[in-house]
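Hey, can you work out the whole structure from these sequences and the hints?
Each protein sequence line maps, in turn, to chains A and B. Under the numbering used here, the first sequence is numbered contiguously, ending at residue 168. Under the numbering used here, the second sequence is numbered contiguously, ending at residue 231.
Some clues are possibly wrong.
Which bits of chain A does chain B cover? Going by a derived footprint, with three or more residues having C-beta under 8 Å, they are [to be verified]:
#1 12 to 25
#2 40 to 51
#3 124 to 137
#4 148 to 160
Since the hints were made in silico from the structure, they are not lab data. All C-beta atoms, glycine included, are put in the ideal place defined by N, C-alpha and C.
Chain by chain, the residues:
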Amino acid sequence: MTRTGDDQILVEQFKQGDESAFDKIVKEFSANIAVLANRLLGWPGEVEDVVQDVFLAAFTGLKRFRGDCSLKSWLFTITINKCRSYRYRQMLRLKIFSRAADKDSSLSACAADQRPIDSEIFERVRRAMKTLSPKYREPIVLRYLQELPNEQICRILGLSENALQVRLNRARKHLQEKLKDLIE
Amino acid sequence: MTEDKIKNLLQVADRAAGEPGPTHISAAAIRRHAGHRQLIINIAAPAAIAAILLFASIIVIQAARPHKPSEQKQIVSLQQELKHLQAETDAVLNLVQQVLEEERQTERLNDLQATLASIPDPIEEAQRQVDKTAFVLVYQADRLYRQSNQTDSAVHAYNQVIKLFPQTRWAEVARQRLTEIENRKPNEPHSQGGQRWKPRNV
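Okay, structure coming up:
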């Protein structure tokens, strides 16, 4: 049985009242969702709140899941939406408390220092990604870090193939400008 | 070419960032959260509606009060002035009523005095009755002496008047008649002489 087939069975079991099915879904997808959220949010390190929100939304909406796409794509869509909300809340918090920005950067810097790879490159890329708006960052993350096929990205983001290509081009251009010295 | 480099840089950065912190998400915790959220929604929604209704009611009530603070002050001062004027009016009315009451009492007193004045003095009345009785006795005695020649009866009657009503002027008249009778007795009978005596003051 395929992966998608297994997911469909889990969804059906959950719809029929078998709550252990949801346990299996959480166990199977929580790591993937955490990684995606971490990348979408610019590697903050701590994404537990976002992941919890994602599964909370999944628990509430799973009975309405029609199976038009894979469960993973559906969960990724929820993750993208939750990350947007999270970033929006963060932005509001930053506006209200300017100190939050320093805290955020210090936390990220701390995480970077713990890595053996060149922290300079990480910091530059992180900053460059942060300057991208979500509508350009999401395709970049899904394409180059999650390495999803374009078709799936289009489904997750609700975009046409052309729109996706346009966004990817603009995002690459932006990053190329920001990371010119590293690319050349 | 550039795309590959960008991809490479991103993947290097992603590896440098490492895996996200461990998530301790469990399905049981999610179910608990969902239950709490549902409870909050169930409570919060009616509470929010109630709060909105309350707020709207307060706004409507406030809007229904058309007076501005300055106008309210003016109204308060006017109300106070009105109360003051009303108190003054009440005081004047009380005074007028007191004056009218005094006038009424004075009129009543005057009426009573007039009524009292119209009542005859009992002493005078008694005096008048005494005088009248003495006159009647003298008149009767005169008739007995002048018309009926009953000199003894007449003398007796004159003596009664003198005895019973000595303070009256008729007692004096009775004395005069007795003197006349005494003077006439030896010389002429009282029926002679042609003139008939008539009592005075009748």
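Structure-based check of all given hints:
Counting residues of the region 12 to 25 of chain A whose beta-carbon sits less than 8 Å from any beta-carbon of chain B gives 7, enough to reach three: the coverage restraint holds. Against chain B, the region 40 to 51 of chain A contributes 3 residues with a C-beta closer than 8 Å to a partner C-beta. That satisfies the three-residue criterion, and the hint holds. Given a C-beta distance limit of less than 8 Å, the hint that chain B covers the region 124 to 137 of chain A holds, as 3 residues qualify and 3 suffice. Residues of the region 148 to 160 of chain A with a Cβ under 8 Å from some Cβ of chain B number 3, which satisfies the need for three, so the listed coverage holds.
The structure meets every hint from the earlier list without exception.
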